[in-house]
Amino acid sequence: MIPPQRLAVVTSSSRQEIEPILRAEQIHHLFGATIYGDDVRRLKPDPEPYQLAMQRLGVSSAIALEDSGPGTESARRAGCEVIQVRHPSEVQGILKKRLNL
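Numbering-wise (the numbering used here), the sequence shown opens with residue 1 and increments by one.
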């Protein structure tokens, strides 16, 4: 399993919109960084959101799971490897395959 301090949420949505969902689902604690639209000056497709996430996690490389064109561009421009996700149900299988679990 990936240590929580190595996971981040990177969204263009506001903290007010997304944080209550993460808390209601009891998964907020699983993320070492949460980057909301109101944390950055420039939203996706600018690389700033992913750059900030990597800075807060203390990493120089990352894998981004993305479901949108602007998000994919943002992550790539920040130097991340991007894995395209079409539906949330794919995530578990994608991660298991990528991590050889």
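Warning: the hint list may mix true and false statements.
What follows is a set of in silico ranges between Cβ atoms, one per label pair, in the way DEER data are often shown [to be verified]:
#1 Asn100 x Gln16: 18 to 26 Å
#2 Ser89 x Ile63: 17 to 25 Å
#3 Val91 x His29: 13 to 21 Å
#4 Asn100 x Arg15: 30 to 38 Å
#5 Ser14 x Asn100: 17 to 25 Å
#6 Ser68 x Leu95: 35 to 43 Å
Simulated from the structure, these hints should not be mistaken for laboratory data. Quantities reported herein were computed from a predicted structural model and do not represent experimental measurements. Using N, Cα and C, we set each Cβ at its ideal position, and we do this for glycine too.
Hint check:
1. Distance hint check for asparagine 100 and glutamine 16: the Cβ-Cβ separation is about 38 Å, which falls outside the suggested range of 18 to 26 Å.
2. For the pair serine 89 and isoleucine 63, the beta carbons lie near 19 Å from each other, so the given range of 17 to 25 Å is met.
3. Our hint of 13 to 21 Å for valine 91 and histidine 29 holds, since their Cβ atoms are close to 18 Å apart.
4. At roughly 35 Å, the beta-carbon separation of asparagine 100 and arginine 15 lies within the given 30 to 38 Å, and the hint holds.
5. Distance hint check for serine 14 and asparagine 100: the Cβ-Cβ separation is about 36 Å, which falls outside the suggested range of 17 to 25 Å.
6. At about 19 Å, the CB distance of serine 68 to leucine 95 disagrees with the hint of 35 to 43 Å.
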